[in-house]
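Asks: Sequence:
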Amino acid sequence: MDMWEKMLAIGFNSVLTNLRLKPLKKIFSELSVPLPDLNSTEECCKALVYAAFPREEIRAKVSRQKNKKVMFVVPPEKMYVKGDMGFITFEIHNVSEVFAKKSERYYSPEFTYADLKWSVLCMIYEQSNLALYLCQTGSVHCKFIITLVNHLNVDDSILNEGTQSFLAISQENDWGFNNVIKFVDLLNPEQGFLNTARDSITIEVGIVLVESIKAAPKEKPAPAKEKKNGTKEAQAALQRLLEDEQAEANRKKVKQEISKTIKDEEKTRKDLAQRAQKAYHDLQERQRQEAKRVQRELVDRDRREEQERQREQEALRQARQTKEALQRQLEDLRKDDVELQQQHKVLTQNSKNAKKSSEKLGQDLKAVQDKLSAVQASVKQQERKLEAARKRLQAAQADMPKTPSASSEDEMEEEEEESALDDDNDLLDEDMHRLIGEVTADY
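Residue numbers are given in the UniProt record's numbering: position 396 of the sequence shown equals residue 396, and the series is strictly consecutive.
Some hints here could point you the wrong way.
[Claimed, not checked] With a cut-off of at most 30 Å between alpha-carbon atoms, the simulated DSBU-like pairs for lysine-lysine come out as follows:
#1 Lys-143 with Lys-182
#2 Lys-380 with Lys-356
#3 Lys-270 with Lys-182
#4 Lys-82 with Lys-26
[Said to hold, decoys possible] Restraint-style ranges between C-beta atoms, simulated for each label pair:
#5 Asn-153 with Ser-96: 17 to 27 Å
#6 Ile-169 with Glu-204: 28 to 38 Å
#7 Arg-301 with Gln-341: 50 to 60 Å
FYI, nobody ran anything at the bench for these hints, they're computed from the structure. If you're wondering where the values come from, they're calculated on a predicted model, not measured in any experiment. Glycine included, C-beta positions come from ideal geometry on N, C-alpha and C.
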């Protein structure tokens, strides 16, 4: 339940902080909640949150009390006097948690030196830097040193020295340094200022009185008239003192403003110098990168051109080889053409000779055919004669009586006739074969 109430209170506070003072006062009048003494947005928001959530106010008070109890610790051995200067050392605990509330002011417990009450104010200045101030409610002129101790190396401690005249009637009772160290660097353990085991930092304060401002000596009572004049003179002196004090305060304020302006200008100049140096380095880096890129492009272009030249040379070489091959082929073709022309002439001549031979052979064939026809006609005539002779022989044999001697003579005659016929046939066959062989040899 407490967690939900706290979450609601935080949300309600975050909504109220976005409002201006006039609508906040209207809310106060409508809710009949008394306005706080300080007419600030922060105090009005707190009053409304505490009115809506009373337990949140109690929780805030307890938290503040706890923070006050545990924030500043002064070891007894850390309070000492060395010559005319008194020293005191504070250990500030819960730094990472307490200083996270960057709008809060944190005062140390008061300590006594030279019969005066002193304290130290810690806060986060402009949401980013640690600020340390020496507080004094009396009237004194002093020099002081505020040191942020480095636990890793004492020589790296940050020392800030100042001189200030505190006046009891002045509204400003603290004076110090706005930019001691960046809060991020303070919380960085590698810097050596934060004791991570105890979440604390160490502040050492040294004070030496230069001149104390004494009160005016008491005078004897004067008559009423003189008292009245003295009162006017005292009032005038007090008015002059106040004016002088105001002028001194204004002078210091102007001096602080000038110092702040100078520091801001120096910081701006350093920032500009750093930016210019960074821009110069970036420009150099870009130029180097551009030079490398151009060099790579030139190398790539040279490589591509070399490859292109090699390809062109290879193409020319192949073209020359192709040309030479074509020339050789053309020469071969020319030679082949000459040979073909010669062969054509030879073949033409051969064809003419063949034509003549064929005509001659045709004539020879015709003559052979005529001879063959004549031979065939003679053969047929001889065959007719033989056939007629056979018939006559057969008729004669049929008419003649069969006697042994006669038969033998007849047989012998027949054999002679047959042999004569056979010889004639053989002669005809030889003539036929001879004619055919001559015709074949001519062709």
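Asks: Lying within 17 to 27 Å: is that true of the beta-carbon distance Asn-153 to Ser-96?
Replies: holds, 22 Å
Asks: Can the restraint linking Lys-270 and Lys-182 be considered satisfied, given a maximum Cα separation of 30 Å?
Replies: With a Cα-Cα distance of about 16 Å, the restraint between Lys-270 and Lys-182 holds, given a limit of 30 Å.
Asks: Against the 30 Å threshold, does the CA-CA distance of Lys-380 and Lys-356 hold or violate the hint?
Replies: Violated - the C-alpha atoms of Lys-356 and Lys-380 are around 35 Å apart, more than 30 Å.
Asks: Given the hinted pair Lys-82 and Lys-26, is their alpha-carbon gap at most 30 Å?
Replies: Violated, at about 58 Å.
Asks: Kindly confirm whether 50 to 60 Å is satisfied by the beta carbon distance between Arg-301 and Gln-341.
Replies: At 57 Å between Cβs, range holds.
Asks: Is 28 to 38 Å right for how far apart the beta carbons of Ile-169 and Glu-204 are?
Replies: holds, 30 Å
Asks: Need the status of pair Lys-143, Lys-182: alpha-carbon distance at most 30 Å?
Replies: holds, 25 Å
Hint violations for this structure: numbers 2, 4, all remaining hints satisfied.
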